[in-house]
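Participant: Please build the complex by placing chain B with the ligand on the supplied structure of chain A, with the hints as guidance.
Spelled out from the first residue to the last, the chains are:
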Amino acid sequence: MSVLGQPTPRIDAASRVTGSARYTGDVRLPGMLFARVLRSPHPHARITAIRPERALALDGVKAVITHQNCRIVWSSGDSRNTRYLFNNPVRFVGDAVAAVAAIDPHVAEEALQLIEVSYQTLPFLLDSEKALQPGAIAIHPGGNLSPNEAGVRQPEVYRRGSIDDGLRESELVYEGRFTSAHVNNAQMEPRVSVASWDGDELTVYASTQGISNCQRDLAKDLNLPLERVRVVCEYMGGGFGNKNQCHDFDLMAAVLAQQAGVPVRLELTRKEDYVAVHGRWATHQYYKIGVSRDGTLQAIQLRGYSDMGAYRKSSGSIAGIELYRCPHVETTVHPVHTNTAVAANYRAPAYPQGVFGLDSMMDQIAHELKIDPLEFRLKNATRAYHDELPYTSYGLEDCIRRGADVFEWRKRWRRAASDTGVVKRGVGMAMGSFAARVGRSSAVIRLDASGRYAVHVGVTDAGGGAKTTMAIIAAEALGVPLDRVTIVSGDTDRCPYSIGESGSRTTNFTGYAVVEAARDLKQQIETRGLPTGSVVLIGSATPEPVIKGAARYSFAAHFVEVEVDVEVGGLRVVKYVAAHDSGRIVNPLTARSQVKGGVTMGLGMALHEQLLYDPRTGRPLNAGYYGARVMTHLDAPDVEVLFVETQDAHGPYGAKPIGEPPIIPSVAAVANAFFNATGRRIRDLPISRERILEVLA
Amino acid sequence: MKAFTNVNPRTLEDAVSALTRSRASGARAVVSGGGSDLLGLIKERLVQPDIVVNLKTVAGLSNVRADARATTIGGLITLDALSREAHIRRDYQGLAEAAASVGTPQIRNVGTLAGNVCQRPWCWYLRNGYACYKNGGDRCFASSGENQYHAIFSQGPSYIVHPSDTAPALVALDARFRVVGPRGERLVNASEFFVLPRVDPARENVLQDDEILAEIVLPPAVSSRRSTYAKILDREAWTHALVSAAVVLDMDGDVCRRARIVLGGVAPVPWDRPRAAGLLEGQRVTPELAAAVAEAAVSDARPLAKNGYKVPLTRGLVGRTVLALARQ
Ligand SMILES: Cc1cc2nc3c(=O)[nH]c(=O)nc-3n(C[C@H](O)[C@H](O)[C@H](O)COP(=O)(O)OP(=O)(O)OC[C@H]3O[C@@H](n4cnc5c(N)ncnc54)[C@H](O)[C@@H]3O)c2cc1C
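Just so you know, the protein sequences line up as chains A and B, in that order.
Just so we're aligned, residue 1 is where the first sequence starts under this note's numbering, counting upward by one.
Just so we're aligned, residue 698 is where the second sequence starts under this note's numbering, counting upward by one.
The following block holds chain A by itself, in its conformation from the complex (with noise of 0.2 Å):
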């Protein structure tokens, strides 16, 4: 029987829940020091004088690097400016200044409070729009607006048709203003890597969503030939797009191991990993949408600043407007510097704070218009991407219409502020759609006469379960049971090259290399025989997909109800159906588990989650799980889950991406059920208690 679409549980389940797996933060290496880093306390200043002797001093520490004897470029941490491990200006509370080797923790903690450093502080800015103010301090030179991908310093601008016409030409025009806060990625495991020199080898135990792109971003800014960088994770607990390539704590760690000579462990803190690395990008969106008296879209412009923090790692789009049928689009987006923690790639980086903005408008457009806002989707939604190319396959319609069923949107929906009751119930739904790109990754497999099939895959298995979905892919194109499949995974000295768990790209990429790998070695079993002795037979492929002349996407629509208590302000999600086109879905157990997972993050950050900055000062009030008020056990809602199986001719049996999807409709769809409930818009996330007793006031 064929295991593919049926629900498996995760191959490794039994060690991650017993303590048997190592995970990076388990590696004890013979001789290994403990790291810590030095950060700013200041969100913007000049560092006039920095002094080591004092904790070099220190009874147990072996090495301190700062910018004045560390002079590497961390290249994957900004793309238009040059980031040093250690910049001097220092632009956020948090930007490390130093960091420390020793013995043990504490006394690498110790020596921290012993480097003195002398800042002289410099003006800084926490708003992105006044950061484009004229006469407003330059972050970086040349100004605080992030050259645009041609490298000029103008705003990414996107247009079709003409937006001047189809606004004039239009019957109602409506405009709207939403913001969308910054909100960290949270993932459970902490950050840490273990870095060990052995001669003119690195090794290098990362905790990362992609061994071969930290491999390469390490050996590139350490100037070392790949062959001498091994980068190794065997176990990963999430990153949600915060850990993929190399970090700044990865050459830290290697550059302190190389001055001590001996391993090094660096791990960063709870409250490290909410300021020094990155989160989603706040935006501001400014909309003007044009449509004829009948619901139908004319025109869509947007306006939006997203605020990239202090360096530029990410594209800093604001997206969504793909999931309207419009003639005249224009679209300017301003990636723009602050002094505040970086803001960069976290599930479906642009799309959740995107979609807030524009699936709110249209919501709020099909109220005025007063129209369903299920048959205004209908009557919108995309037929073809950017209304131009084909989709290789078409779900949304579907997923509309079957959630509405399964929702029982119908009997549910009323119009806005309908129920005069102290907890008013009230629903709404969003779209979602996200790229389901196909391209280069490797696999190998390899046949001996036990019988066993080891799938040596790159992935490191960031939570969505991807060593379990090459087990299915290689036994379904191997047709062979699951349990002949062995997964070798999360090592460069053992695995080829395999794209990083980002983009929701690696059941697509590498699960097509799986594919291609199996025909090669059933092609030899073919004509060699099953291998017997000591014969091994060794498959290999490393396929290249493109897709020409349409565009491959995954789409969903989700719905929700919720109650808000009008006298207290709760709003509590009471019933929620997520219907997914993502294709032929692998593995039912996991691919519910992604989606409810998603949904559940967006409640977070629809609701309660944000880095809040104090406006004097410029330092982050409230950093860590506690403060910045993640989602508990108890906050995430029943999430019913619907899959509506498109075929698709591309991607490991027609599979497209399920991990980032979940996360997109999910927050504009709870701002619009509280809006259908009581017939305030909340504009600006979070929807949290404070704002719903403003907008009831």
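Treat the hints with care, since some could be wrong.
Stated by the list, open to error - Dumping the calculated SDA-like pairs for lysine to any residue here, alpha-carbon to alpha-carbon at most 20 Å:
#1 B:K699 <-> A:G60
#2 B:K699 <-> A:I115
#3 B:K740 <-> A:E272
#4 B:K740 <-> B:W819
What the hints assert, rightly or not - Just the calculated beta-carbon pair ranges, DEER-fashion:
#5 A:L612 <-> B:A934: 19 to 29 Å
#6 B:P984 <-> A:K411: 24 to 34 Å
#7 B:D764 <-> A:Q113: 49 to 59 Å
#8 A:L612 <-> B:S996: 25 to 35 Å
#9 B:P984 <-> A:G135: 51 to 61 Å
#10 B:D764 <-> A:T420: 46 to 56 Å
#11 A:R572 <-> B:R787: 25 to 35 Å
By construction, these hints were calculated from the structure, which means they are not laboratory data.
No residue lacks a Cβ here, since even glycine has one placed at the ideal position from N, Cα and C.
Facilitator: Frame of chain A; chain B with the ligand shown alone:
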């Protein structure tokens, strides 16, 4: 964290003398219950003790004893044990509910009642090391800063809120605190245990540095008395109260004879509302009366720039809590 020496006393006398001795030698000593707050403070270097006196090794401080004159609770009882104690659940339900509402199961498994009452405020300026009154400085950063979680009842100079969930319940239930120190012991009324910033901006209670909160003494159970604790937070668990209310009612049929309403999350100390509670006395508790009580509970609130929402929140909470308890 800075290195420190841990001391495991067997008796309260040993604990007190450990404190006085270290103090005499110029060392900084603190006591620890479950350590769930203290350890965080030490890690952030907000407290840098040389000696930690671990009260968990003191015998006999984690039981509940009841006789005709009083119910006595050892200060070292864990919040979890307190919330499950049958006698407490029956006769002092509001206290059991308050203990059960704290943080998470992990916190309740290690956190003690005395530690919960004596925990430091969770103001983010204090916890981030700002040189505020509570950190030995001379200003309150919250008064004109990010004050969404701060006091709506305070005449300053500090605008923290008292963080303890059990404290409002203990005040409402007329508890007395047995405090032991080098000069012997004293019994302090719960309502006089907590001090306003006006009196001492650096402290939250009357304990001297060498004093220990040993036991909590509750008046004997009264069959006509009922109590409850209601807490509102901005997620379902794992945070302190935005606003909370401990309510005690002595009922005679459906007429209220005596009432006590003490609020949490709104002032630097558990905030007693005698005037609002007084409206209930001798009355049947109707929705209209509960609304009037709720209004009276907040009529003199003076919110800061960002915490105005706490006024309707408190009003809503008090009204529904009083009504629900009266109808229980
Ligand atoms: C994530 C998190 C969430 C929390 N949520 C809540 C919440 O919802 N509600 C709530 O009320 N609290 C909450 N707390 C605080 C927690 O309840 C307290 O930390 C705990 O109850 C304190 O008990 P403890 O025994 O661990 O105290 P400790 O940490 O040991 O001590 C706390 C303080 O009291 C002093 N102290 C302890 N015992 C005595 C004594 N017998 N005599 C004199 N002084 C003493 C200590 O010196 C220290 O300053 C939370 C804490 C955390 C970390």
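Participant: Tell me, which hint numbers fail for this structure?
Facilitator: Hint check: nothing fails, all pass.
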